[in-house]
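Asks: Dock the two chains into a complex; use the hints.
Next come the chains, spelled out residue by residue.
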Amino acid sequence: MKNFWVVLFSLAFFSASVPQTAEAAGSAAGSTSESSGGAAKTPHVPTASAVQDHSASASQDQVIHILNRLSFGPRPGDIERVQAMGIWPYVSEQLNPQDIPDPFNSIHSGPIEASRRNPIELLAEYNQIRASERTNAMNYADNQVRGRRTMSEMQNFFRNMDRQYVTAKLQRTIDSPRQLQEVLTEFWYQHFNVCINKDIDRAWVGPYEDQAIRPYALGRFRDLLGATCHHPAMLFYLDNWQNTAPQSKGAKGNQKGLNENYARELMELHTLGVDGGYTQRDVIELARILTGLGFSQTPKLAPGLQPVGNFGATFDPSRHDFGGKTLLGRHFSGTGEAEVEEALDMLARHPSTAHYISYKMAQYFVADSPPRALVDRMSKTYLATDGNIKAVMSTMLHSPEFWAAENENNKYKTPLRFVVSSVRAIGFEPQDYNPLIDMLREQGEAPYAYLTPDGYKNTKDAWLNPDSLLKRINFATTVGAGALPGNRYSPPEYRRLGATIAGGKFSPQTVATIAAQPQELRSPLLLGSPEFMRY
Amino acid sequence: MRRREFLGLMAATSASYLVPHCRAWAIKSDQPNNGGKKLIVVILRGGVDGLNVIVPHGDPEYYAIRSSIAVPSASLFHLDGHFGMHPSLSALQPFWQDKTLAFVHASGSPDPTRSHFDAQDYLESGVPGSKLVSTGWLNRLIAQLPAKNSPVRAISIGPTLPRIFSGPATVATVAPETKDHPMVVDHPAIQKAFDQLYLGRKGDELSKVYGEALAAHKEVNQALDIAQKQDEQMRREQIIANRGAPLPRNYNYFGKQIAALFRTDPSVQVAFVDFGGWDTHINQGAAQGQLANHLTPLAAGLADLAHGLGPLYKDTQIIVMSEFGRTAHENGNGGTDHGHGNVMWLLGGTIAGGKVYARWAGLKTAGLYESRDLAATTDFRSVLCYALADHMRLSTTALAAIFPEFQPTTDPFVRA
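Chains as they are written, first to last, in our numbering: chain L, 1 to 535; chain D, 1 to 416.
Any given hint could be a false lead.
Mimicking DSS-like on lysine-lysine, the simulated pairs with C-alpha atoms at most 27 Å apart in a straight line are [said to hold, decoys possible]:
(1) L:252 with L:325
(2) L:460 with D:218
(3) L:360 with L:390
(4) L:460 with D:202
For the record, the hints were derived by calculation from the structure and aren't laboratory data.
This one's a predicted model, so the numbers in the text were calculated from it and none came from an experiment.
Chain D with its partners taken away, still in its complex shape (with noise of 0.2 Å):
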């Protein structure tokens, strides 16, 4: 097994010392990148509230210090006796019975800070720390990605480019409704007076630009034609079954729209998708409430993602992280402040699933981060430098490129 050989690379590594860098865990790497694996970030956007997602249930003084808005352990999906899984996610409980789901908690970022803006500048740039880095990681993926014919390697669900997306690699924004942005080069006429004041123009970049704009365009609107009409013949099925009661699409609707892009588009390789709400400072609720009603949705949405991938399943990786995680107290208004360690999602068919890892410091104010926050105790880059150095097979120096300077010195995969 890979992922048995690269755990085995990490307790050599570690054992005698050596730095574990980035670059060593790529050595079983070697083989190039096939092109068909597939890598889905979702970001949530307010530092989503890690400690009731995935609810340490087993650490005693989770209940004490949470006394109005802990989810009490009945209503928990059960993982494995120390953690449960928030009722809201019920939707993702079929996957980590398939084992194909696992979390990576107490994780997070190197760098102390608090701030939203700051945290998640180095999330996406992928060097905590630094405010000079201009282009985001997953930018800095897709340019170690094989050369492709197609113009689209990678999407973007949003009508603005993120930060994890910025640089030099092309870039496909679409909009996160059925079809791309409308253009005025959609209409056949226009389309043809651009080509000709385009096309052939000996010299001039913007010619050929304007000829990959095209083609990247077209295809990306072919997919989600297809995906579409999909879409459409999906849910005339359900409001048959549902005797004719008009299903609502909400924002869960990335799912099925990313899982059709990446089936009908094969060189799609890297998709990303963003969602705010979670910043909880009031009445987050426990069970129910405000925290929960987010995360229906979510986990809703990454179900209908992972079945719309079907056979394209066992080669995604889908990585669900946010900022930082919130204050391991429950505040004075029912809700938490902003903190530090938090849980990362990992969904896939490569994922080692149907586990929690974590080197958990526990929450005695003396295991917390500053006596106050879950203590970020994995590296959130540990954790992406392991799906693209064996999901996404990327070699030694590809990894040194996305993240620079950066010496992993744990394996995220130890059990709680």
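Same shape as in the complex, but just chain L (with noise of 0.2 Å):
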């Protein structure tokens, strides 16, 4: 197909004068169909020798492919600057995040500050809402009597976070120069959901992402499986605060028994997954360990409750099983804490989970069906590495399949990506971030909101539908046409922003429809495409 695709400002009716990046797409067009124009050829990995000589070995496209899959959609100038540094310093430096300078570490309000607060103090405030509303509850009442729309404290508090939370998503999407590390917190976030929906963690979602996902979104898995079992967020969701050994000393009330929510979803979703071989009573088992985990109350700890983790987890020994425990096959002693800890390691260390990890990346990064010899390789990576999570990454950007023609282009984007990407492709930084939060709540993909633990989905069967498709093109156009509703912009001109997304390459059928339209239809046609609604 791709041999098809032309260079859009190659063509005779664009006569006005041809800027120097589409000379660059041009030239770099041609060595494409060179390097990896023929579906029968083997893929081209580009060489690490491309690194000093960048004007030859690294295909234009495959610096468009690894500025799509490493980041939210290329920017103005970002196929220039990967074109100049060259594919692979450009791919270990998104490997290394701390390494490129953040932002967002020098600001210290709005959103970005908010979701770097302690969940329980956020708890604390609820908490002291909840108890003035109580009294101002007659006042609330009589209101919605009469029929006014009155906003009570406790709603004002969550629209708050809720807004706050989204926006710092957005503009760390948006804005992040650690693409990657944003890529992977959204993959890490739907493999870990927790659902903003459910009462307190309302409260809780951003903070959870900022504390347990993306300081560990390229690190040791085991790290970051530990850093989600460790947060009341996902304490919270999955219902383990309330697991408790039936009979212990501190059973009552809501914590009374055995709650395998957690325990099933952590094997299931979290680390070995369906298939993984595990049973019904290796849920019960993996519960019993995980009984006495919470979180705390109150910002002071109760008397009895051991900290765990630095965001509020905590142990409470009074409602543990101390019995003994057969895990997968292996015996658990009572030791309390420990037993989960040393659960943790076993599950992070599972083959199955090795696998599971690897397929859900190579679905994520290569293709909907990802090869199954890539995923092996980067099981073995993975084994290999003790669950590095780098390592399995740099597996999968040095195989032929992350770099076969047939995975290029090949994904279709998720709502939030779609957004994103368009923002970035114009380039313009939003004042307004309400009209793009209400097109993912339209297309169904408000951040934070996805109900069930196994999160939103990446994959075309689960987007791909009539009533998104058309709203995606309005989107598109109000976007292109610099139309955002509360943004000021100027949308650039389209064969600035056709350089900017694909080289300024798009097939015939969209290069034809653009050239016999006017000039301010053209920039929204450009976005609304059928090659913008892919990566």
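Replies: Now the structure itself:
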């Protein structure tokens, strides 16, 4: 298919002087047809020598491909920058986010700062509002009776949280120079999903992402697993805070019995996968191991509770089952919180986990149905490096499968990626995030709002449907025309836009359509084109 | 009568201790769905207080445990000597008299959760207790309807697709206003440009999906246009009747809107709409007050819907439900807290109406669920299965696909 793509700018009817980037686009396109033109050819993994000789080896298609996969879509100048620095230095830069200066580090207010707050302080604030609301309850109800639309303090509190967290998420995905970290943060968030709509989790999802996911996105899987297990947001979402050894000393109220919910998802979704070889017996045994793991109800720790992690999770020995357990054939003696860590170690190192995580990563970065051989190699790396995510990424990025022609532009964008890549392509900083948030909501991908613990999918099957395609076209047209409500920006001239998102290369049908349309419709058509729906 | 056969079948199976599986219900439903049957589902989010909607005034305990919020017997519309309907539902009284309105009381989910989040999740996934069913049961229903040429078979009122509709089958979302979201493709020149961009791309799935999208959008818009004109005509007539006083248009407009969509677009078979504001922890009121104020426009909207359907009413079932009921006792704030069993409302031409069905365990502590809530003695899916099997005429396999692993053990249609 690639062979038939043409360079937008080289066609005769664009008589205007060809900008410099367009010339670069043209020559790069020439080299493409040699390097990855035929489907029969072996995919060309850019060699390390391409680093020294960037004029020749790294084709523009490969640059676009790597930018598409390691970021939320190219911004103006990105293609040129990666072409200049070379593909592998770019990959290495992105694999080591700690070495990229992060402009968000110096921001200590607004949505970014809100996402750094301590969960237990937020809980205290919530409890305080709840108490004062009881006092004001009658006033509030009176207003309701009279049909007045007053927002309660509580609704206000939660609404504010929701906006802040989603805004912070969009700010980072759009603007962070640590793009791969953001791409992986989104991946892991969905893997360890917590839904914003469950009571106090509305106040916690932003901190959860910032405290338990982002710092570990490219680290060891075990650390990531531990961080999610030790965060109140997860312990509340999957009910483990209630998980209690029946008849234990501390059992009472809504904490008086075994709750298997988290134990089950911990194996089914977070580690082994549904076919990972565990039984219902194992679920119960893991639930017993997890008894007593919850979070503090107050900033000051109640007597008897042991702090776990840095964000308010606690271990309550009085609700723990200290009997012996057998998980996946291995004996655990009742030692308290140490058992939890031991179980996480075992699950993180399990071959089923290696395979399941590798499969999901390959699906996210390579193809909806990822090549089996690639998954196997990634899985091997996972086991050899004790679950080092960066190493698994590296195996994937150096694979011929990743660079195969059929795996370029083969992924259908999720709504989040579509929205963020549009804004990035135009290259503006939103002043009002609400139209972006509304669009995500309408598309069914409101950030943090997926109900069930399996998280939003990233496959085409999940997102391609008539209703949403039309809404994407609507959104693209609005953004491309510079008409996004609440935002002042000038969309770039369409050739510049075309160069940013695809090095100027589009299908003949797109080129012909654009040629026949007036100037003001050309950028909207590019963002609404079938090409821009994929990456 | 189909219903009688159905009940006969139920009686036979339960007597013989066979499990009357959801599939068994469909035995006489093997004639294929002719496509003319319609289903409308209304969810009241927040947990409506069913005990104050269909009031068990014949249960002496009711007045004892709800001293300030009980609806006085004198203000109720008496249904059968035991139950009475809240006065704010007066718009629905004619349907009761027509015998096309019924209630299944003490119904609900087998899952004990009192979390809005989880309970709504289960109500919409149709699989209580499982957090891993990503599709909604209405979406699974669409997949079981006979394939039609038209792209639009299901309509969701509201800007976003609710959980109950999530899944692979296409659902059109319609804004709860008079017209569909204006789309750039409504502009002829822009549509032409996008047609040229998308149509006729051989081997590109997006090309096909774009074509379907456009057709669906036009179909809905056309129907809404007609609906709006009809509504304006009606309003003009009403304004004349009211000597020029303009009429408020509140959220009961949903009734007219859905009715018009169904009338003008025969391929639409399923619709969904939801309303919030039922979480009455504080000062919920009795015959008047907060709950009453929410019930009035809802009843008016349902009546508008039933009337607006016209001849289609006989082919339509409307089901109103909520994620859970509320505590049997009132709380210290003149309200009620999250409870368990509730009442389901059934309205439509094929309903064996004029009856309140229930396995009534009573409001004495011993009969209450966990000593505090109305027990859910009928699984909500039993009622839904009946609607799908007997009304929508879905086959054995279809029902199993919509409510996997569900085995109803009780007939929902017994009298209290």
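Asks: Indicate, hint by hint, whether the structure satisfies it.
Replies: Taking the hints in turn, this is what the structure says about them:
no.: 1; hint: L:252 with L:325; verdict: holds, 23 Å
no.: 2; hint: L:460 with D:218; verdict: holds, 25 Å
no.: 3; hint: L:360 with L:390; verdict: holds, 15 Å
no.: 4; hint: L:460 with D:202; verdict: holds, 19 Å
In summary, this structure violates none of the numbered hints.
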